[in-house]
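Take the sequence shown: its letters are residues 306 to 556, numbered as in this note's numbering.
Take every hint as true, because none was put in to throw you off.
What follows is a list of derived Cβ distance ranges for each label pair:
1) H383 - T455: 38 to 48 angstroms
2) A464 - G432: 17 to 27 angstroms
3) E331 - L430: 23 to 33 angstroms
4) P507 - S346: 52 to 62 angstroms
5) A482 - L345: 52 to 62 angstroms
6) L345 - K451: 49 to 59 angstroms
7) A481 - H383: 35 to 45 angstroms
8) D380 - E350: 28 to 38 angstroms
With a Cα cut of at most 30 angstroms, we get these calculated DSSO-like pairs of lysine-lysine:
9) K318 - K465
10) K360 - K371
11) K458 - K480
For the record, the hints were derived by calculation from the structure and aren't laboratory data.
All C-beta atoms, glycine included, are put in the ideal place defined by N, C-alpha and C.
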Amino acid sequence: MTQQTLNRLRELKLSGMAEALERQQEQPGTYEELSFTERLSLLVEQEQSVRQQRKHDRLIRQAKFKLNATVQEIDYQHPRNIERSRIARLAQRDWLDRGQNLLITGPCGSGKTYLGCALGHNACLQGYSVRYYRTSRLLLALTQSKADGTYHKLLAQLAKVRLLILDDWGLEPLKAAHRNDLMEIMDDRYAQASTVLISQLPTDQWYAQIGDNTLADAILDRLMHNAHRLQLKGESMRKKLGTLTEDEHLS
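Please model the entire structure based on the sequences and the hints provided.
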């Protein structure tokens with residue numbers, strides 16, 4: 306009977322409950338004093354836990370992060386103008402629920418991409434859909450989608466992503482078609498979903514990089530309205546870590 310029940314649970318895609326039932330069978334002394342309701346509750350809790358973990362894994366896989374980063378592993382030892390309290394607030398879900406944006410700026414190697422990926426990973430653990438792009442590759446994908454007829458489908462997919470992370474923003478001046486693409490994306494997402502922009506350029510130089518005055522006003526208004534900002538400072542983290550001795554790396 307137990308094996309039949311296990312088979313049926315797996316056929317019903319209740320693998321968490323099946324695993325928990327097997328555990329109860331293997332350790333009868335641990336569970337024999339529990340009531341039927343208590344043992345059933347443990348089965349349900351295990352199923353819920355397994356499903357939640359699967360969802361987190363799927364969201365993280367779909368996000369395609371550049372770095373395997375977590376908020377717990379953010380380095381606060383080197384002075385970069387990062388406060389634990391600010392990261393702790395951003396690790397909460399309030400700004401995501403409100404569709405607010407985050408602008409991360411700072412010099413090359415200061416850890417901007419790590420911070421963006423860490424906050425994106427944290428959003429996945431909270432059940433939000435996330436997608437990471439280098440800005441140039443997203444613009445290339447949009448150009449290609451126009452050629453193969455999937456442009457509107459891609460725009461619809463981007464609009465549904467709860468947290469869109471655009472890295473290397475502003476490295477090159479935008480072409481006219483790309484300005485229009487970004488306007489479409491930001492207009493769809495305004496006050497509905499959150500966007501993280503990561504850039505070496507300070508925000509006061511973004512206007513010039515966009516180019517067209519009218520579209521620059523429209524895009525930046527949607528991006529910067531009620532946006533949170535992290536302005537990183539200091540030397541390159543890559544250079545600092547590269548100068549550490551082997552013992553310091555291990556400590």
